[in-house]
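*Asks:* Residue numbers (the numbering used here), protein chains in the order written: chain A, 1 to 493; chain B, 1 to 499.
If you're looking for bench data, these hints aren't it; they were derived computationally from the structure. The model shown is predicted, which means the values in this text are computed figures rather than measured ones. A few of these clues could be false.
What the hints assert, rightly or not - Keeping only pairs whose Cα atoms sit at most 25 Å apart, straight-line, the calculated DMTMM-like set for lysine to aspartate or glutamate is:
1. A/K435 / A/D301
2. A/K76 / B/D483
3. B/K367 / A/E108
4. A/K483 / A/E61
5. A/K166 / B/E439
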Amino acid sequence: METIVSIRPFLAVLVSILAVPLIVSTRRTNFREGWTFFAAFAKFSIIASMTPVILDGVEIEYTIAQVLPSVAIKLKVDAFGMLFALVSSFLWIVTSAYSIGYMRRLKEHSQTRYFCYFALSLSATIGVAFSANLLTLYLFYEMLSFATYPLVTHHQDMEGRSSGRKYLLFIVGSSIGLVLPAMLFIYHMTGTLEFAQQGFIAGIVPPKLIWILVLLFVFGFAKAAVMPFHSWLPAAMVAPTPVSALLHAVAVVKVGVFCILRVLTGVFGTQLLFSSQMDTVVLYLASFTIIAASLVALSQDSLKSRLAYSTIGQLSYIILSAALLSPKGMIGGMMHIAMHAFGKITLFFCAGAIFVATGTKNISQMVGIGKRMPVTLSCFFIGSLSVIGIPPGGGFISKWYLILGTLEADQRFMLFILLSSSLLNAAYFLPIIYKAFFCTPEESLFENKIDEAPPWCLVPLTITAICSIFLFFYPEPFFSLAKIVSVGIFSGQ
Amino acid sequence: MSQHFPAFIIVIPLIAAFFIFTAGWLKRTYCFYIAAVALAISLFSSFGLLLQVLQNKVVVYHFGGWSPPWGIAYRVDYLNGIVLVVSAAIAFLNLIATKKSVEKEFIERVGPFYALYVLFVTGTMGIVVTGDAFNLYVLLEIASLTGYALIGMGTEHAALASLNYVFMGTIGASFYLLGIGYLYIATGSLNMFDIASILPNIFQSNVVLFAFVICLTGLFIKMALFPMHTWLPNAYTYSPSPAISLIAPLTTKVMVYVMIRILLSVFTPSFSFKSMAVNTSFVWLAVIAIVVGSILALSQQSLKRMLSYVMIAEIGYMVGGFWLANRAGITGAILHIINDAAMTLCVFLVAGNILYRVPGDSFDNLKGLFRKMPFSMGAFVVGALSIIGVPPTCGFFSKWYLITGGIAAGHYGFVAALLFSSLVNVVLFFRIFEIGYFEPFGDLHISGSMDEEEKTFDDAPLGMLVPLMIVAAGLIVLGIYTDTLVTKVIQFAIPGGIS
Chain A
1 METIVSIRPF LAVLVSILAV PLIVSTRRTN FREGWTFFAA FAKFSIIASM
51 TPVILDGVEI EYTIAQVLPS VAIKLKVDAF GMLFALVSSF LWIVTSAYSI
101 GYMRRLKEHS QTRYFCYFAL SLSATIGVAF SANLLTLYLF YEMLSFATYP
151 LVTHHQDMEG RSSGRKYLLF IVGSSIGLVL PAMLFIYHMT GTLEFAQQGF
201 IAGIVPPKLI WILVLLFVFG FAKAAVMPFH SWLPAAMVAP TPVSALLHAV
251 AVVKVGVFCI LRVLTGVFGT QLLFSSQMDT VVLYLASFTI IAASLVALSQ
301 DSLKSRLAYS TIGQLSYIIL SAALLSPKGM IGGMMHIAMH AFGKITLFFC
351 AGAIFVATGT KNISQMVGIG KRMPVTLSCF FIGSLSVIGI PPGGGFISKW
401 YLILGTLEAD QRFMLFILLS SSLLNAAYFL PIIYKAFFCT PEESLFENKI
451 DEAPPWCLVP LTITAICSIF LFFYPEPFFS LAKIVSVGIF SGQ
Chain B
1 MSQHFPAFII VIPLIAAFFI FTAGWLKRTY CFYIAAVALA ISLFSSFGLL
51 LQVLQNKVVV YHFGGWSPPW GIAYRVDYLN GIVLVVSAAI AFLNLIATKK
101 SVEKEFIERV GPFYALYVLF VTGTMGIVVT GDAFNLYVLL EIASLTGYAL
151 IGMGTEHAAL ASLNYVFMGT IGASFYLLGI GYLYIATGSL NMFDIASILP
201 NIFQSNVVLF AFVICLTGLF IKMALFPMHT WLPNAYTYSP SPAISLIAPL
251 TTKVMVYVMI RILLSVFTPS FSFKSMAVNT SFVWLAVIAI VVGSILALSQ
301 QSLKRMLSYV MIAEIGYMVG GFWLANRAGI TGAILHIIND AAMTLCVFLV
351 AGNILYRVPG DSFDNLKGLF RKMPFSMGAF VVGALSIIGV PPTCGFFSKW
401 YLITGGIAAG HYGFVAALLF SSLVNVVLFF RIFEIGYFEP FGDLHISGSM
451 DEEEKTFDDA PLGMLVPLMI VAAGLIVLGI YTDTLVTKVI QFAIPGGIS
């Protein structure tokens, strides 16, 4: 795999950190938001500019600092990181626009702080995407945890405080208590932490310890919300909806999943997972989470909670895809990172738009809302199609490959899990839409007058909904990137 | 000129102390400036010395030109070279940062305060730079006595707390002296390296063993290792802020340095680390210190008191890391001397800033501090993240070495204690963040206008903020330059025989 050295990955990470002083010092709110947009566009452009290189099969690396004798803070852009970075940076642009509509309509306090920490969180996310070794991954993972805390607890009320505590307990507690010792143990045994195509601990770490290490990482990266380390996610829904949308549907949770996948493939390697039978263990952990989360989602009345549990389930799809150890499954999982991101963010944007326009948070109070907010609810419909996996939602492509993956890996039980959870997804999404559009005038809680969310909210959610459909027809560059990842991991076998 | 750097470090502040005292009677404003100049010269000399050491490995200086074992020799190698620079930097930065605080608290007694301050620095840096075991005792007493006086200058219970410290500290110093006395009886010399060359012949002697034990005990008392830590919380809590941000970062860390020096250079590893049982038991003692310090910190209701218990846990890190008796552990211990001194300075400076603006430091007084003092609290967040051990702050890297050392030695109790302490620190510091961030609870949805936020802004003056920002930035710089520190300096401070 050819590698070139370029400062672009570092610039991609840095650009939003550099925007922070600009955001803080600007008095006029429009200019302040302008800096956020500038940073978001700059970030996306830098990342997009690296895509052709990656699609050619070349990787980009950059060492930031040699902090320890054999480990550096180092960035390396490969297809996997590129896929994730493209999704997050593009969606930040859209979310920033949405934030403007949301925060201003609700006259939220401390908006400067909000935009600053958002910028920092995106820096950390791209840092995770481009990490070349476990130390750098850990560094940006922790940075993300601490940068998102003020966002989750933005409202500074009692609820925010207790959710913040849960957030810290699960996310920081697991990263310091589980990931850190695992990482140091691996360093002690192997002397390095660099991710390698086929992993690097095979043969050096005794088999018994492989089990413990895998579990430490799967649960340690609690951002991936593998049960039982998932409760922070519904609790984090107290955050303003743009936070829930980008961070807890796209950035934070995908970082968790990304880290697990990165460690499973880059530290352990598919061969080792297979020979130690950890792939089976991870499959069952993931499938339990998928089904349990989908079942709990059915019982949630708060829309954001339902979406949160849906996210928990969808994340484990991606973990499942990695544990299948099949090329098609891997493509499916990678694609799902992108498809789910677009679909879920649309759903969250809609939930926020509903709250901004009508003040309702609960599904039971959204009977007939389709009459008042047809655009929003139509986009909600499109988003749910994508998450359920029905064409023309983009999620169909990723689920299709996942199903092919289960057949390829001869895991019939997993196929059953995937199909039943898709049914459950439909069961908790479609009734919302049905109730919103098709109800009698007596039942409807809303007048038949169209009164949509503000345009700054409406346009972003329409954009992401259209993207979800667009990706069904033309899933590039994600599909090519996913193929490169899959080939890279499985060709060595 | 530059060959006298070792002397300058001690002599300049010593002489300056007398001038400051006099200026305290004649013209009080001069006191600060004399102290600043003296400490700046010390800092410059320490830097110069470190550069010399990097070139020549060792710098030896015979006071008055008299050679040992009759004369006093100062000896600077990799180990104390770096500790000297850190101590001088902390003393100097703290002096600048606390100028306003001192003027506010000690208007009449500025002269004595600065004189004591500078004498404390003399003593502390002398301990680090000397190569003579008895000279170390002399300077230890200078540092201790001035420390007691500085602490006693606080309000209400300060005198009693200081008296308690006097008792325990004097016992500790006396034990050390007794140990050195026995070594003198056994070897006939007071020069550390001279003793080191004679000792191997008499390692099996009971006198040497006794000297080892009693020296170590004295040092453990002085560094507040559990269970001899009881003097620390009260002394640190009731001390005036400008004094404590000098004493807290330096005293206990320098005592850890002395322990490392005595055990590695005087007794040498072949004696000190001979018994695995002894090594492991000291690590377990450190584990208890870490766990007890962390748990006791949880029940405190005031900032400085909580921080002093965190300090007690941090001592456990260094002692435990050293007694792991492997390269990673000792590297971690030495690195942590540097890092912990910096982190301690950062958080105690913040405490000083808070006390400058707010009547007290109990948790009730900390409400809404993020809004009121955003810069100080920002620095506090960096310091807290370093104490918790979050990369890229320096605290993470010393934990890195300590934990890998623990894994290498198979001492998983120590590893568990370190992780436990990190998690407890998350709780401790986020509790404070919560109080400063969430309380007082109010309806904040009024409007996002910036005027609202500006009305309550009341951070410490620039003279206090700028040094604090430098220290906070330093925590990250130290972290990123860990590799340079370890490969260029610390690596050579550890004798070759240790793996």
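*Asks:* If a hint holds in the structure, say so; if it doesn't, say that too.
*Replies:* Against the structure, the hints come out as follows:
With a C-alpha separation of about 13 Å, the suggested pair A/K435 and A/D301 falls inside the 25 Å cut-off, and the hint holds. A threshold of 25 Å between alpha carbons decides the hint, and for A/K76 with B/D483 the separation of about 21 Å falls inside it, so the pair holds. Of the pairs offered as hints, the one joining B/K367 and A/E108 holds, with about 21 Å between alpha carbons and a cut-off of 25 Å not exceeded. Proximity of A/K483 to A/E61 is assessed by CA-CA distance (about 21 Å); at most 25 Å being required, the pair is judged to hold.
Pair hint A/K166 plus B/E439 holds up; C-alpha atoms about 18 Å apart against a cutoff of 25 Å.
The structure shown violates none of the earlier numbered hints.
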